[in-house]
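Two chains, two frames, a set of hints: combine them into the complex.
Here are the chains, one letter per residue:
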Amino acid sequence: MVTKEKKHITFAKDLPKNMFSGFVVSLIALPLGLGLALASGAPPISGIMAAIVGGVVMALLGGSHVTISGPGNGLVIVILATIMTLGGGDMYQGFLYTLAAIVCSGVLILLFGFLKMGRLADFFPASAIEGMLAAIGIGILSKQFHIMIGNNGATGSIMELLGKIPEAFVSVWQSMDSGIWIVATVGLISLAIMVFYSKLRNPYFQLIPAPMWVLLLSVGFSYVYIFLKLPFPLDASYLVQIPEDVLGNLARPDFAKLGETEFILAVFSITLITSIESLLSIKAVDKLDPANRRSNVNRDLKALGIANIISGFLGGLNVVVVIARSSVNVNNRATNRSANLFHALFLAVFILLFEGYIKKVPLAALAAILVYTGYKLATPKNLKKIAKIGTEQILIFATTLITTLFTNLITGISAGIVVTLLIHIVMNRSLHLFFGNLAKPNILMFKEADGGTFYISVKYFCSFMNFYKLKNKLDAISEDETVVVDFSMCDFVDHTVMQGLENYTDTFAKKGGSIEIVGLDKHGTKSGHPFAVRKVLPLNRIKPIEQYLTKRQRLLESTAKEFKWQYDPKRNTDTQFLSDFVFFQNREIKYTYNRLSGPEGKFNLFDLEFTEGAFIAKEVVKTTVLHYSLEDAIPVFSLDKDGLMRLLYNLAGFSDIDIADHPDFNKRYYLSGPDEKQIRDLMTDELILFFESNPYYHVESNGKSLLIQKKERLLSVQEIKALIFYGQQLCKLLRSPSFVGR
Amino acid sequence: MNNQKPFKTLLFGFAFSPTLDANIMEVTRIAYYMQAKLVLLHVGEKDAEKEAKIKALLNSTEHHDLSIDIQWKPGDPYEVILETTQAMDIDLLVLGALQHEGLFRFYVGSIARKLTRKVVCSVLLLIKPSLERIPCQHIVVNGLDAPDTPEAIGHAVYMAHILQARQLTVVEEIRQQEVERVEDDKSLKRAYIKKERLTLREDNRVKGVLNALPQDWMVNINLKTQSIFGRRGYSIGHYAEVVRADLLVMNAPLKTRLWDRLFPHDIEHILSDLPTDLLIIRPKHGN
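Residue numbers (this note's numbering), protein chains in the order written: chain A, 2 to 743; chain B, 2 to 288.
Just chain B, with the same shape it has in the complex (with noise of 0.2 angstroms):
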């Protein structure tokens, strides 16, 4: 990953919820870390009054000197969207996420969950938008062994570099496959001894990766590495929520089908019951 800036358009689809104020200061100061333009699409049509209390709204946030583009356009909530990142070649959609009523946790609509499996750029899902900037302490990032992990670190340094997060945690998350199965206490011992080794083996290939990164953006992070024992994909989400992480980075699945979705796994999981706001970094091809 080079020293640039990964994001440089950033689509937010909004809807004239209670929520909305919330979301809109939350999305401009994203906008703002990243430096980058800010497209906000209403899927409905065009009138005054909406347009006037949006307006409002944009002259009351932070950061004044955002270039912030507004689009309308009717039809239909997913398809609208995906064209539009397609078309305005976005890099980061953001998405705000549902709360499960009377409770403190927060899943996926279906349309956002649609749009996270489809479109082909990254998503940024925010459980609890804030009128007051709530400062990003911790990041974690998943370090599992994938063509994109080394992608989804960078951005997590990248976003602890912007965000001035002190803290980021790359969680190898280590599978019961590969440890061997206890029986008893030979191959318990047997277990251990496999789980140091997987684990030297982990820290040491996060740390090639961390190596491959730009060091400035480093200089004020707490480095971490953590192994953990749980289902892949998805304990990193309660890891997070152990450690009351403000960020999740992850890795885009790879391939979602039918078989997937009857049997949620890996990402599915996490979107069901988000612990944090999450960020799916999906590289885009050809880049």
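Pulled out of the complex, with its shape left as it was, chain A reads as follows (with noise of 0.2 angstroms):
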């Protein structure tokens, strides 16, 4: 246990570290803050004072550790939509309207922390979401452009603006005003500084974030028309403007409009952008966390509305969780929020100190920082990584992203919702599957008794619509567990799933524990892609397994590289070595697959498939063992725990075995075979204290093969390389001299 008082002192000696890191992110929060505040169509200083606000908010009351708040991308597209629609021409009362619009969704957001909502991010499918945010990339980029070249004037919706680019090069181009040259001239210096910066491996240069140098040199440039006592060419509109008094020039938001549809409609799309875009940043910072630690998302959630509330009131913008800035943040060693709160510190420095330079700083540099941004969150990489994972999932990025750049936000994700359900429903032919069982609890987890697995069975679908039921069991395993998720008895995966999975995965693996995904090998797929759809084929149309590999048949192929085994995914019915092990008796092999063949074809190790019974009552088992072959022929028996296959045992004609001065031993397991003198040989105190000291294996010997297996299930890799170390042990023990001869 840490004390308390010893958590001050890390406290105390990770100041300095963390004061550090809030400086540099501060460097880059004030550019961007001023330029989202720019882009969004409102005050320049309502950004900064987010920022401000947010930081110092989220710092004292915020449930995440590393995260920094401030004003997001993505609500550049909804406030600049929601001054436009409120404001009905007049941008600045306009402006005080959407400042009520934050305080109410404060209020909603605060409500969402309190429900303990933060899964809510959870509901919407991991494409429709990268839909989403290149949208929103495109609407910054869009308007961003034109004022990076100083064409100020260009107005329309987002397409319009995009399609009079060019336009806007040609009219500058003729342009016969030398103060527009120079403007496209700084803006383009400056994207050219975002683009290159991070090609330019110079430690020195890297000291100051690239937003910073933007700001620095643009500056910096307007004091050489000083120093050299020219005019200066830029007029104001086409620079940064302030009030000359900050803290006695604060915009009060205006509640005229509360009760009104267009009002009530851009409280619910801040609220939704502001909590689905720090949901995941959280989520995401989470990872990047070198002291691995869990948020609290709900106490994020409670803060966020109250920074929020008093952002709005204060006439700054809404404030969000940012990834960019806190991924800075975590690179630059901090520990804890006391950064954020730094970095709100600094920026009211800033913005109190340096007024005079802050409106030295043209629109066009603060422009480039943007359509760089735009352009990172809406790079056609994105489009090539989603397209990789499945064509589907095309059709989903592409119905978000056009719909949102059409209507709005809220339409947007909705329709990338209603199509990926489409999408599910078409390719598995059936709507009973998903609406059927969308009610049904269909998560089972219970800790193994041997071992401590922890073991979760999935049912029916697992999709979009129902992960949360299995994030709220996997968030309730410590991480340095291991966990076996058994999608055997799921019709279908969906990417959002298999995303989602693997990064739980990488946190288990960080922390010391495991995930592994078995019952995926027979679901089909139509992309190599390792999060993409996976489904059940239906029997007429069974394709070879060994199409793609699932990421457990990936593993199995390089734990036999470990092993210098043989390792081979097909299919093979040829299945009559197995059929004289009493165990398989009244079963029906059908094939092996995934075979992992040990040197000289002695040791073989695969997945089975059996069917039990016939006709109705049939069940079809999947299962994982080891065949042995051995050199020297032994007697045949079996070795059981559960004494469940007792009976099937005493049918074939083995009787129950005890052997003298092992009580224990013949307590614990249930030892029977044919021939009982020779049996009772074989049974050495040596082999006897091998099987009571290991874990319990299922073995059965058919006097010239030995049949080694955990459990009824299949195993995972983990378990696997047990059961390749067991099955060694025991035959190493077996081939020793005192037992050749018997």
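Hints are supplied without guarantee of correctness; some may be wrong.
Claimed, not checked - Label pairs and their calculated CB-CB ranges: (1) Y469(A) x H64(B): 50 to 56 angstroms; (2) V220(B) x D662(A): 46 to 52 angstroms; (3) V220(B) x S559(A): 44 to 50 angstroms; (4) R245(B) x D665(A): 47 to 53 angstroms.
To be verified - Only part of the chain A face toward chain B is listed, based on derived beta-carbon distances under 10 angstroms: (5) K117; (6) M446; (7) K642; (8) K678; (9) R681.
To be verified - In silico lysine-lysine, BS3-like type, Cα no more than 27 angstroms apart, as pairs: (10) K6(B) x K448(A); (11) K6(B) x K8(A); (12) K511(A) x K225(B); (13) K474(A) x K190(B); (14) K51(B) x K472(A); (15) K603(A) x K562(A); (16) K187(B) x K14(A); (17) K642(A) x K208(B); (18) K195(B) x K18(A); (19) K288(A) x K208(B); (20) K14(A) x K448(A); (21) K623(A) x K722(A); (22) K6(B) x K190(B); (23) K117(A) x K9(B).
If you're looking for bench data, these hints aren't it; they were derived computationally from the structure.
In this text the structure is predicted, and so the values were computed from the model without any measurement.
All C-beta atoms, glycine included, are put in the ideal place defined by N, C-alpha and C.
The structure is reproduced here in structure tokens:
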């Protein structure tokens, strides 16, 4: 246990680190805050206000550790649209109404926090969210591109603005105004700095973040004119405007439109984007946190709500947890929330002390920073990444993107959800699979008695609609445990779930635990991507399963390499060699697959599928077994723990055998076989000690070979390694001189 | 629970369906193991052809010296069966489940479902009657903290005893509400401690129930307890399916109101997707 006192000491020790990190982040937050506010059609100071309020409130009340809060990218489109519709032409009045909407959305988010709705972001399909982010990126880019090249007057919808970009270049080219030329040059140079910053690996240059370089250079540029005693060529409309007395001129929200539909819609849009962007960022930053802490998202939501209420009242934009600034924070080795507080304090100092310099920043420089940010959000690389997962994901992505661009964010994301659901229904040709089973609790979790592995079985289907149920179970497991997630009873798994599980797997791996997914090998997919949708193939369409390997199969492949064994995923219907094991006597083995074979083909480990019973009582079972061909004959016997198979063995003419002087062994295991004497001879003290001191495996001998299995289900790769080790030890023991010749 | 036979009279409502012979084989087998009187009830008119058919079937069963009473009563199946269970003081009503088309999944039909809710005796739902005996290996029973649970566990042990099942698992369902909501590392730690404590508490409670049962029933049975985390009354079905149990024994739901049917929970979910044969124990009041 870490005592409270010790915690204080570490806190104090880490303070300088966090202060430095907060300083670096504030260097980025300053230009971004100004720029995002401008891009939203709000006064530049409102962006800084949001960052200051967000930083202070989230640091004091939040539940995440190394996140940074402030104005976010996502809100640009929403706030701009809100200001325009509510203001009806009067931008400043529209801004005042928007502030009221921000206050109201703060109340809603606070409520979400109390209702523990930190799960909200889980209900959106991953590709739809990607589409939404791309739309936001394009939205930012379309408007800011014009400002970057000095074409301040451009107006229209996102698509119109995009279409006007070539025209704008022409008009700038033909312009007689030298001011516009200078603006365009500043903008393009700034953009070049943003683009090439990461390519210049000079440690001194990298000390200052790219957006700050843009600010410093463009402010420095104005001093060149002062130094040369020339009149400054840019008029005020091309420069950032900040009120003279920042504190005395705070905007106040105007609640006059409180009950109107437009206002309510705006509140919902702002709430939606604020909470989704924040929740996604918190999750992403948790993965970056070097201390591997879990964020309390509900507590963060509450703090976020309060921050938004305060920010709205003080004339600030809405506060969001932002991923880019947070990752800079982590990279600069922040350790706790104080970094967020310092970032806010440094911003306050900048705005109060360097007000004069900020007024010299050309809008085009800020626009260049935003063009780069927008491009990052909408980069074609994202589309390529999604296309690899599957063609259906492109459809989801494109629908969300296009609908958002032509309508608004809420319609866009709703369209994305509807399309995803339709695709799932068409893929499975079943409406019932989803709606008949949606309300059913489809997740079972228990801790297995031997070994303490957590076993989670998923039934019916698992997609974005019910992933939260699986997440609830996974969240309740400490990340240093071993988890097996079994999809063999599940007909359909979607991309959102596969991607989500991958995130969990990473987190568990980082903290010393593991998650393994089993039971997916038979699910078909059209794509080789690990996150692709997988569904059970109808019987008549069974394809060779080796077409695209699952993650488990690839792990098996590498396990084989480790052991210098061979791996073959192919189905093999030659199962004759197993048929004289009593275990398979009343069971029909259909085929073996995922075979790992050892040197000289003596050891063979494989998954196999067998059926039990017949006709309607038929059950299909998949299990993993280890088979070892012996050099010398040994007696036929079986070692069983539960005694479940005893009846079967008794039917096969086996009788129960007690070994003298080993009462504990006799109590724990059912040893049986047809020839008592031979078996008693075989069971030396050494061998019995081996059985007693190792975890239980079911062992059966048919005289010429051994069949070893852990339990009647597919094993995870870890369990397989343990099984192989056990088998090797056992066989070494049986091969040792004392056994040969018996 | 005393050392007596809990089921003295069985009722099976039969119809002339393709599975009739398998059903009759299974139900006579059960009556034989329980040493109980079997009442076969057909809702419909009696005619010579049908009677001959059922007689022939009964002659082909494995166990001949059973006390079997065949009844023919016209009317609404639900009403007739309900009345008969009361009039004849039936202990166990046996019903067949239906299979989803083309799937290895079973559900309880609407009449059987109504009966399951309304009758005053225990109900056994069979999903896959078979001509040949398939030995019952593994029985799963719920161990939840409810007044009828000792009764259900007692019956499960009794069934394991008469069917010579090797393994009996008492499943304790730990409800999400009882465990702390996990939000961060601290609450996770608290939830872990809480879970350990709950598991211990449940194990102790179940041990107490088991100790009160006739010990000679349990001689050859491998008893296990298992805590599972899932929805109460439903996840036990999922568990039974995962471990491929042959029989699931559960308490009867306490009350079913309209609300429960609109928003199915507990036993309703299991009835819509039957994992195994299901025995619902409803202790007779006044006994």
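Right, here's what the structure says about each hint:
1. Checking the proposed 50 to 56 angstroms range against Y469(A) and H64(B) shows it holds: the Cβ atoms sit about 52 angstroms from each other.
2. The hinted range of 46 to 52 angstroms is not satisfied by V220(B) and D662(A), whose Cβ atoms lie roughly 24 angstroms apart.
3. The hinted range of 44 to 50 angstroms is satisfied by V220(B) and S559(A), whose Cβ atoms lie roughly 49 angstroms apart.
4. For R245(B) paired with D665(A), a C-beta distance near 29 angstroms fails the hint of 47 to 53 angstroms.
5. Hint status for K117(A) relative to chain B: holds, with the closest Cβ pair at about 7 angstroms, below 10 angstroms.
6. Because the smallest distance between the Cβ of M446(A) and any Cβ of chain B comes to about 5 angstroms, under 10 angstroms, the interface hint for this residue holds.
7. Taking 10 angstroms as the C-beta cut-off, the interface hint given for K642(A) holds, the closest approach to chain B being about 9 angstroms.
8. Because the smallest distance between the Cβ of K678(A) and any Cβ of chain B comes to about 26 angstroms, over 10 angstroms, the interface hint for this residue is violated.
9. At a threshold of 10 angstroms, the smallest CB-CB gap from R681(A) to chain B is about 23 angstroms, leaving the interface hint violated.
10. Simply put, K6(B) and K448(A) have alpha-carbon atoms about 35 angstroms apart, too far for the 27 angstroms limit, and the pair is violated.
11. Simply put, K6(B) and K8(A) have alpha-carbon atoms about 65 angstroms apart, too far for the 27 angstroms limit, and the pair is violated.
12. Under the criterion of a C-alpha separation no larger than 27 angstroms, the hint pairing K511(A) with K225(B) is inconsistent with the structure, at around 34 angstroms.
13. A threshold of 27 angstroms between alpha carbons decides the hint, and for K474(A) with K190(B) the separation of about 15 angstroms falls inside it, so the pair holds.
14. Using a Cα cut-off of 27 angstroms, the hinted pair K51(B) and K472(A) is violated, with the two alpha carbons roughly 56 angstroms apart.
15. Using a Cα cut-off of 27 angstroms, the hinted pair K603(A) and K562(A) holds, with the two alpha carbons roughly 17 angstroms apart.
16. Restraint check for K187(B) and K14(A): the C-alpha separation of about 23 angstroms stays at or below 27 angstroms, so the hint holds.
17. For a cut-off of 27 angstroms, the pair hint linking K642(A) to K208(B) stands: about 21 angstroms separates their Cα positions.
18. Our distance criterion of 27 angstroms between C-alpha atoms is broken by K195(B) and K18(A), whose separation comes to about 37 angstroms.
19. A C-alpha spacing of about 43 angstroms is found between K288(A) and K208(B), which places the hinted pair above 27 angstroms, so the restraint is violated.
20. Taking the CA atoms of K14(A) and K448(A), the gap is about 41 angstroms. The hint is violated against a cut of 27 angstroms.
21. About 18 angstroms separates the Cα atoms of K623(A) and K722(A), which keeps this hinted pair within 27 angstroms; it holds.
22. A distance of roughly 47 angstroms separates the Cα atoms of K6(B) and K190(B); the hinted pair therefore is violated under the 27 angstroms criterion.
23. Among the hinted pairs, K117(A) with K9(B) is inconsistent with the structure: their alpha-carbon atoms are about 52 angstroms apart, more than 27 angstroms.
Comparing the model with each numbered hint stated earlier shows that hints 2, 4, 8, 9, 10, 11, 12, 14, 18, 19, 20, 22 and 23 do not hold.
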